[in-house]
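Residue numbers (my numbering), protein chains in the order written: chain A, 1 to 383; chain B, 1 to 374; chain C, 1 to 166.
No lab work stands behind these hints: they were computed from the structure.
Take the hints with a grain of salt, since some may be wrong.
Covered stretches of chain C (in silico footprint by chain B; criterion: 3 or more residues with CB under 8 angstroms from a CB of chain B, positions within the stretch not fixed) [stated by the list, open to error]:
no., segment
1, 17-23
2, 51-63
Every beta carbon over 12 angstroms from chain A, so not counted as near; a handful from chain C, in silico [unchecked claim]:
no., residue
3, Glu3
4, Glu68
5, Ala73
6, Trp133
7, Pro135
8, Pro151
9, Pro155
Glycine is no exception: its CB is placed at the ideal position from the N, C-alpha and C atoms.
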Amino acid sequence: MKRPVAVVGVGQTKHSARRADVNIAGLVREAVDRALLDAGLEHKDIDAVVIGKAPDMLEGVMQPEQFLVGAVGGHLKPVVRIHTAGSVGATTALAAVTHVASGLFERVLTIAFEKQSEGNAMWALSPTMPFMPPLVAGAGGYFAPYIRAYIARTGAPPHIGPMIAANARANAGRNQYAHLQEPMTVDDVMQSPMLWDPIRYLETCPSSDGAIAMVVASEAAAKKGPRKPAWVKGGASYAEAMWVPGRDQVNPHAGRACAKHVYAQAGITDPWNQIDAAEIYVPFSWFEAMWLENLGFCEIGQGWKVVERGEQKFGAHLPMNPSGGVLCSNPIGASGMLRLGEAALQVMGRAGAHQVEGAKTALGHAYGGGAQYFAMWVVGAEL
Amino acid sequence: MSTLRNVAVVGFAQAPIVAHDAHRVASEMLYPVVRQALAQCGVERDAIDYQTAGSADYIDGRPFGFVGALDVMGTWPPRQDSHLEMDAAFAAYYAWIRMQAGECDTALVVGYGKVSEGEPERILNLQLDPYYLAPLGLGPMTTAALQASAYMARTGTSDRDLAEIAARRRAAAVGNADAQVRTAASADELQRTPWAVEPLRQGYVPPIGESAVCLILAAEGKAETMCKQPVWIGGVDQRAELQSLGARDLTRSASTKLATEKALAMAGLASANEVDVIETLAANPVEEMIVREAMGLPARGETRPAINPSGGPLAGHPLMMTGLIRLGEAFRQLSGAADGHAVPNARRAIAHSAQGHCLQQNLVFVLGRERRWS
Amino acid sequence: MHEPPKEPVKYVEANLYLPYHYVAGDNRARFMRALKDKQFIGSKCSKSGKVFVAPVPNSPETFAPCNEFVELADRGVVTTFCIVNIPVIGRDLQLPYVAASVALDGAAVSIFGAVQECKPEDVHMGMRVVAVWKPDGERTGSFDDVLYFRPTGEPDAPPESYIHRL
Numbered sequence: 001m002k003r004p005v006a007v008v009g010v011g012q013t014k015h016s017a018r019r020a021d022v023n024i025a026g027l028v029r030e031a032v033d034r035a036l037l038d039a040g041l042e043h044k045d046i047d048a049v050v051i052g053k054a055p056d057m058l059e060g061v062m063q064p065e066q067f068l069v070g071a072v073g074g075h076l077k078p079v080v081r082i083h084t085a086g087s088v089g090a091t092t093a094l095a096a097v098t099h100v101a102s103g104l105f106e107r108v109l110t111i112a113f114e115k116q117s118e119g120n121a122m123w124a125l126s127p128t129m130p131f132m133p134p135l136v137a138g139a140g141g142y143f144a145p146y147i148r149a150y151i152a153r154t155g156a157p158p159h160i161g162p163m164i165a166a167n168a169r170a171n172a173g174r175n176q177y178a179h180l181q182e183p184m185t186v187d188d189v190m191q192s193p194m195l196w197d198p199i200r201y202l203e204t205c206p207s208s209d210g211a212i213a214m215v216v217a218s219e220a221a222a223k224k225g226p227r228k229p230a231w232v233k234g235g236a237s238y239a240e241a242m243w244v245p246g247r248d249q250v251n252p253h254a255g256r257a258c259a260k261h262v263y264a265q266a267g268i269t270d271p272w273n274q275i276d277a278a279e280i281y282v283p284f285s286w287f288e289a290m291w292l293e294n295l296g297f298c299e300i301g302q303g304w305k306v307v308e309r310g311e312q313k314f315g316a317h318l319p320m321n322p323s324g325g326v327l328c329s330n331p332i333g334a335s336g337m338l339r340l341g342e343a344a345l346q347v348m349g350r351a352g353a354h355q356v357e358g359a360k361t362a363l364g365h366a367y368g369g370g371a372q373y374f375a376m377w378v379v380g381a382e383l
Numbered sequence: 001m002s003t004l005r006n007v008a009v010v011g012f013a014q015a016p017i018v019a020h021d022a023h024r025v026a027s028e029m030l031y032p033v034v035r036q037a038l039a040q041c042g043v044e045r046d047a048i049d050y051q052t053a054g055s056a057d058y059i060d061g062r063p064f065g066f067v068g069a070l071d072v073m074g075t076w077p078p079r080q081d082s083h084l085e086m087d088a089a090f091a092a093y094y095a096w097i098r099m100q101a102g103e104c105d106t107a108l109v110v111g112y113g114k115v116s117e118g119e120p121e122r123i124l125n126l127q128l129d130p131y132y133l134a135p136l137g138l139g140p141m142t143t144a145a146l147q148a149s150a151y152m153a154r155t156g157t158s159d160r161d162l163a164e165i166a167a168r169r170r171a172a173a174v175g176n177a178d179a180q181v182r183t184a185a186s187a188d189e190l191q192r193t194p195w196a197v198e199p200l201r202q203g204y205v206p207p208i209g210e211s212a213v214c215l216i217l218a219a220e221g222k223a224e225t226m227c228k229q230p231v232w233i234g235g236v237d238q239r240a241e242l243q244s245l246g247a248r249d250l251t252r253s254a255s256t257k258l259a260t261e262k263a264l265a266m267a268g269l270a271s272a273n274e275v276d277v278i279e280t281l282a283a284n285p286v287e288e289m290i291v292r293e294a295m296g297l298p299a300r301g302e303t304r305p306a307i308n309p310s311g312g313p314l315a316g317h318p319l320m321m322t323g324l325i326r327l328g329e330a331f332r333q334l335s336g337a338a339d340g341h342a343v344p345n346a347r348r349a350i351a352h353s354a355q356g357h358c359l360q361q362n363l364v365f366v367l368g369r370e371r372r373w374s
Numbered sequence: 001m002h003e004p005p006k007e008p009v010k011y012v013e014a015n016l017y018l019p020y021h022y023v024a025g026d027n028r029a030r031f032m033r034a035l036k037d038k039q040f041i042g043s044k045c046s047k048s049g050k051v052f053v054a055p056v057p058n059s060p061e062t063f064a065p066c067n068e069f070v071e072l073a074d075r076g077v078v079t080t081f082c083i084v085n086i087p088v089i090g091r092d093l094q095l096p097y098v099a100a101s102v103a104l105d106g107a108a109v110s111i112f113g114a115v116q117e118c119k120p121e122d123v124h125m126g127m128r129v130v131a132v133w134k135p136d137g138e139r140t141g142s143f144d145d146v147l148y149f150r151p152t153g154e155p156d157a158p159p160e161s162y163i164h165r166l
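Starting from the given sequences, assemble the full structure and let the hints guide the process.
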């Protein structure tokens, strides 16, 4: 990066199945107002607005950032809208970082949201398209075979996914904004209906309404702010084509390439020991084990053992998803930025009840598409 | 302002704009233009270190429509990538910002999406505020007509004035092999066309058509190896305005004015009169007049810069990439590749893109045959 | 003038009506017409020789054009799968059913299909399967022309043969 960039404010909404108390602008403003307040800034201090969200069919509005220009304080400012499927929240934050890194903008407001209760989410995500083979039973049906392949490759026992799910809920109990907070045991999960074998009902992400906003700023601007900022040490977003023979959806190449790039920028050579907390995109439980490997936290085939030993739980060696993660809140367009924002909150020392003690370096990660888009950043407490 | 990085447009290819491509899906239309653009630059796909795209799910008529483009853009091995739900010109703007941040040295920018598969008048109604505006049933034609009506009332512009501008654009398009409409039409003929939505006649508004576009950007050091005459970006800026039709003066484009001022200042130019060509995404003659005024040029009559020598959107408006085509056309003019519609001795150009109802958001590039910064 | 509402307006109902007329494209159309004749058509990469089902304009791997159509066998191997317990919009299958990735013999990538005529728990990676088509006269040149895949009873394919075709 040409010059250092910091996160100087974070604000998010309470995520829930349906935020009937606010309209779309209201949902976005809840996050924006909190982020600006957090950063000690007003709209006039913001030089550009970078917005991201997932398919617009989810709300029945095309390019909603256009009608939201006023609500986000974007009048006569540069406004950009990113859309990279499930990873969009993360690529959006990274685009905002790029704006500041370019030297052309001092403070950029970045927002990611989804108010998917307002449309028909299942239809919006996978309408029956002519001339295309029918998708097997939604996203879970798409990913389940690769989870099965992971289990076959590693010999992992069936309770690993349920352990991850139960742990996520325990984490969400410490996050005032999380959608699903009710605790559940590994047994509760194992007793829940099997949807797409091997994925059970209680191992899948919810459908949520929610938003998150952050202010990213230059070093000079960050040093003027009231908060201890989170410094962006590295960030990148990668994609890979769908129909490449040999594409590995269990341990995706694009994920590995992205992690390699970001770790190099951030000077991470030993992720397991150098990263204190990780917010990674886990929409179905088993991905936590798979991404532990894909992100280089452990050897290939060992991710499930990390989980079995509980080393990724809150309070253990490398807490993963201390916020509860995507398994507990999934406003699709926002989820990627929630991961990156939560990572920032950790190193800012502002994660409240789910603060990982002494966290100095944190990873935020997201993915989307048929395991094609990967975006992540590493943030640090020191410049 | 401190020195910025010199970045140039080095390649541009587009599928000729057609009313309806019955044989290819959007990604199939895109593949050949990506190959053409790379071939123009004499490089393989691996030589490009960033890729970005502009398209819209609602135009594609499916969620995640842009994912289909990955397979035809050479996204293997995994590439650094992004996608904007905006006119592809904004994707080029974003790629330029990445270059300024030192995050890449070359970029492939694409625009695609089959407009003929849906009904834009219905679809673009959905861009409007879902509580107050969309339920009124307004579409892009009706909002444009409201703007036109207001503009004509303020300025005394006549139907004839609109017809004359449209006739000039139609004449220019005859020399543009990629235009959809390539027949000239006189102002008289155009004035006899029925109303699309009064005061805009069918002869003054673009036809529905589709295309696929690829443009390549490169930073100084790389650009010179990829193009005999790179077209250097000297200034760029974009601004959005409130959408609400009653919240702004529809007869003046404050965002175009501001973006133009900022882009010209960055480019070290005092006025838009200093460029030789302006390619503008003005989708009807009134929009063109509003844009011209915003740029400090006379709204009617001749201007020193040639306006839309390609014919502009009136000759073809494939929606999510029309802005990128304006940038590509400016490149063609300045690099000597505008066969059939070349403006002689063109040294500087402005490429303007817009999106949203009534010119809600505007992007201005200032380009030149010479590097801006040394 | 109507009376203003007594309660504040809380909801706006909007039913969207958006007609789309999709083009299959010549490649996809050729593929679907061939299904009527119980054939799977793929396209071959001019550089690597790998065959993609359904036909595509270029290989996403090499970026080279695919300019040759190839007919593939209607049998292949299950590379991975899952057992589905919830109904899908638009599909009429009995629950639970097996949704599988099937790599047809000669194809470099898999297609999706259901596996039936066996117990779901008997399905496994490497299992050889063959397509079961709708009867003659009922096929129309659409994806439903393939009802499902059934096991052939042949010995399993070795992992090396399908591991790169997941």
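Here is how each hint holds up against the structure:
With a threshold of 8 angstroms between beta carbons, the proposed coverage of the segment 17-23 of chain C by chain B holds, since 7 of its residues qualify and at least three are required. Under a criterion of three residues with beta carbons nearer than 8 angstroms to beta carbons of chain B, the stated coverage of the segment 51-63 of chain C is upheld, 6 such residues being counted. With a closest Cβ-Cβ approach of about 23 angstroms to chain A, glutamate 3(C) is found to remain outside the 12 angstroms limit, as its non-interface label requires. Its beta-carbon lying about 17 angstroms from the closest one in chain A, glutamate 68(C) satisfies the requirement of being farther than 12 angstroms from that chain.
For alanine 73(C), the requirement that its beta carbon stay farther than 12 angstroms from each beta carbon of chain A is met, with the minimum near 17 angstroms. For tryptophan 133(C), the requirement that its beta carbon stay farther than 12 angstroms from each beta carbon of chain A is met, with the minimum near 15 angstroms. The non-interface label for proline 135(C) is consistent with chain A: the shortest C-beta to C-beta separation is roughly 21 angstroms, beyond 12 angstroms. Every CB of chain A lies more than 12 angstroms from the CB of proline 151(C), the least distance being 17 angstroms, so the non-interface label holds.
Under the 12 angstroms C-beta cut-off, the non-interface status given to proline 155(C) relative to chain A holds; the minimum distance is some 18 angstroms.
When the structure is compared with the earlier hints, no violation turns up for any of them.
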